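**Q** Listed here are the chains, written in short residue letters.
There are 2 protein chains.
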Amino acid sequence: MDIFEALFTRRSIRKYLPKPVSDEDITLLLKAAMLAPSANNGQPWHFVVVRDEAVRKALAERHPYAKMAAGAPVVIVVCAEPDEHKGAEFWVQDCSAATQNLMLAARGKNLGSVWCGLYPREDREGVVREILNLPPHIRALSLVVIGHCEQPFSEANRFSAEKIHYERW
Amino acid sequence: MDIFEALFTRRSIRKYLPKPVSDEDITLLLKAAMLAPSANNGQPWHFVVVRDEAVRKALAERHPYAKMAAGAPVVIVVCAEPDEHKGAEFWVQDCSAATQNLMLAARGKNLGSVWCGLYPREDREGVVREILNLPPHIRALSLVVIGHCEQPFSEANRFSAEKIHYERW
Chain X
12 MDIFEALFTR
22 RSIRKYLPKP
32 VSDEDITLLL
42 KAAMLAPSAN
52 NGQPWHFVVV
62 RDEAVRKALA
72 ERHPYAKMAA
82 GAPVVIVVCA
92 EPDEHKGAEF
102 WVQDCSAATQ
112 NLMLAARGKN
122 LGSVWCGLYP
132 REDREGVVRE
142 ILNLPPHIRA
152 LSLVVIGHCE
162 QPFSEANRFS
172 AEKIHYERW
Chain B
12 MDIFEALFTR
22 RSIRKYLPKP
32 VSDEDITLLL
42 KAAMLAPSAN
52 NGQPWHFVVV
62 RDEAVRKALA
72 ERHPYAKMAA
82 GAPVVIVVCA
92 EPDEHKGAEF
102 WVQDCSAATQ
112 NLMLAARGKN
122 LGSVWCGLYP
132 REDREGVVRE
142 ILNLPPHIRA
152 LSLVVIGHCE
162 QPFSEANRFS
172 AEKIHYERW
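Just so you know, the protein sequences line up as chains X and B, in that order. To convert, take the position in the first sequence, counting from 1, and add 11; that gives my numbering. To convert, take the position in the second sequence, counting from 1, and add 11; that gives my numbering.
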């Protein structure tokens with residue numbers, strides 16, 4: 012798939028077919044996520060791959076906007092282990108870029124995905140920390156629900172010339 | 012270009028040919044950036060496109076790691092106008108995803124780019140605010156330097172199985 016087709020047709024997909032996502036595809040998505048840029052090349056990310064139905068259902072029940080996790084074949088939680096010697100204060104940006112790479116790679120494999128926010132909502136991060144047994148020094152940024160789509164992807168357009176400024180504001 | 016080629020060969024590129032980047036390419040990059048996901052679809056991003064040599068040189072001189080901006084054809088500063096009614100606390104994540112889309116679109120046009128961090132370093136954000144005349148309510152997340160590459164792109168591999176956890180941590 013062309014990079015621009017992936018960029019222009021990646022949408023938030025919340026309904027999935029009852030079809031598993033292969034180990035090979037999950038590894039490819041994680042490989043792409045780990046190729047995001049990071050401050051000082053710190054690569055602070057970690058990933059928790061959740062296929063277990065009980066764990067998915069617990070996440071779906073306790074995150075206010077992740078109901079779709081209950082019926083999806085797989086959920087990937089993007090976490091971070093910030094390193095104070097390697098641009099720790101940029102961990103949110105690093106892991107956001109990794110999340111976006113992961114979602115574009117999903118699009119490249121015709122998988123739908125949706126980004127459910129965790130940090131900086133302490134309640135949501137706390138719920139995920141408890142369910143996934145995250146150590147205290149590990150942060151949880153995003154919960155990405157992934158599955159095969161029910162419907163074909165369509166192109167989006169959110170271009171707004173008013174958001175562009177030239178030379179200075 | 013295939014989405015996976017773009018994902019796997021996007022590297023930080025800091026040296027550029029003395030060749031301009033077309034208006035058409037810049038618009039395409041911004042269109043891709045604006046298609047990033049955002050909390051509550053808030054789309055908090057703004058972009059300052061800087062071609063003016065004096066402005067680029069000022070940015071290069073005053074950001075500790077953006078020297079390459081002086082010799083690049085274009086710099087795009089990704090800003091935000093967080094909206095408290097639309098997931099304002101997620102603006103860093105939204106604008107990081109937009110920055111990553113922008114860089115992948117650059118790769119798709121065979122343009123090299125590098126992400127220079129601003130927020131949360133107050134000194135860097137302040138310098139950019141002053142040079143670009145950003146209003147007080149506007150945040151500056153990243154400064155992306157863009158240009159045609161001197162060298163061919165090569166594939167990266169940062170895959171680390173130790174970063175992957177299954178079902179729980």
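Please note that a few of the clues may not be correct.
Identical copies go unnamed one by one, so any copy, or any two together, can satisfy a pair.
[Stated by the list, open to error] In silico DSBU-like pairs for lysine-lysine, Cα to Cα no more than 30 Å straight-line:
1. LYS174 <-> LYS68
2. LYS42 <-> LYS68
3. LYS97 <-> LYS30
4. LYS120 <-> LYS30
5. LYS97 <-> LYS68
6. LYS97 <-> LYS78
7. LYS97 <-> LYS174
8. LYS120 <-> LYS42
9. LYS26 <-> LYS97
10. LYS78 <-> LYS174
Hints are computed from structural coordinates only; laboratory data are not their basis. Being a predicted model, the structure only gives us computed values, none of them experimental.
**Q** Against each hint, give a clear statement of whether it holds in the structure.
**A** Status of the hints after comparison with the structure:
{"no.": "1", "hint": "LYS174 <-> LYS68", "in the structure": "between (39 Å within a copy, 24 Å between copies)"}
{"no.": "2", "hint": "LYS42 <-> LYS68", "in the structure": "within (26 Å within a copy, 36 Å between copies)"}
{"no.": "3", "hint": "LYS97 <-> LYS30", "in the structure": "neither (40 Å within a copy, 34 Å between copies)"}
{"no.": "4", "hint": "LYS120 <-> LYS30", "in the structure": "within (14 Å within a copy, 35 Å between copies)"}
{"no.": "5", "hint": "LYS97 <-> LYS68", "in the structure": "between (35 Å within a copy, 27 Å between copies)"}
{"no.": "6", "hint": "LYS97 <-> LYS78", "in the structure": "between (35 Å within a copy, 20 Å between copies)"}
{"no.": "7", "hint": "LYS97 <-> LYS174", "in the structure": "between (32 Å within a copy, 17 Å between copies)"}
{"no.": "8", "hint": "LYS120 <-> LYS42", "in the structure": "both (13 Å within a copy, 22 Å between copies)"}
{"no.": "9", "hint": "LYS26 <-> LYS97", "in the structure": "between (38 Å within a copy, 24 Å between copies)"}
{"no.": "10", "hint": "LYS78 <-> LYS174", "in the structure": "between (33 Å within a copy, 26 Å between copies)"}
Checked against the numbered hints above, the structure breaks only hint 3 and satisfies the rest.
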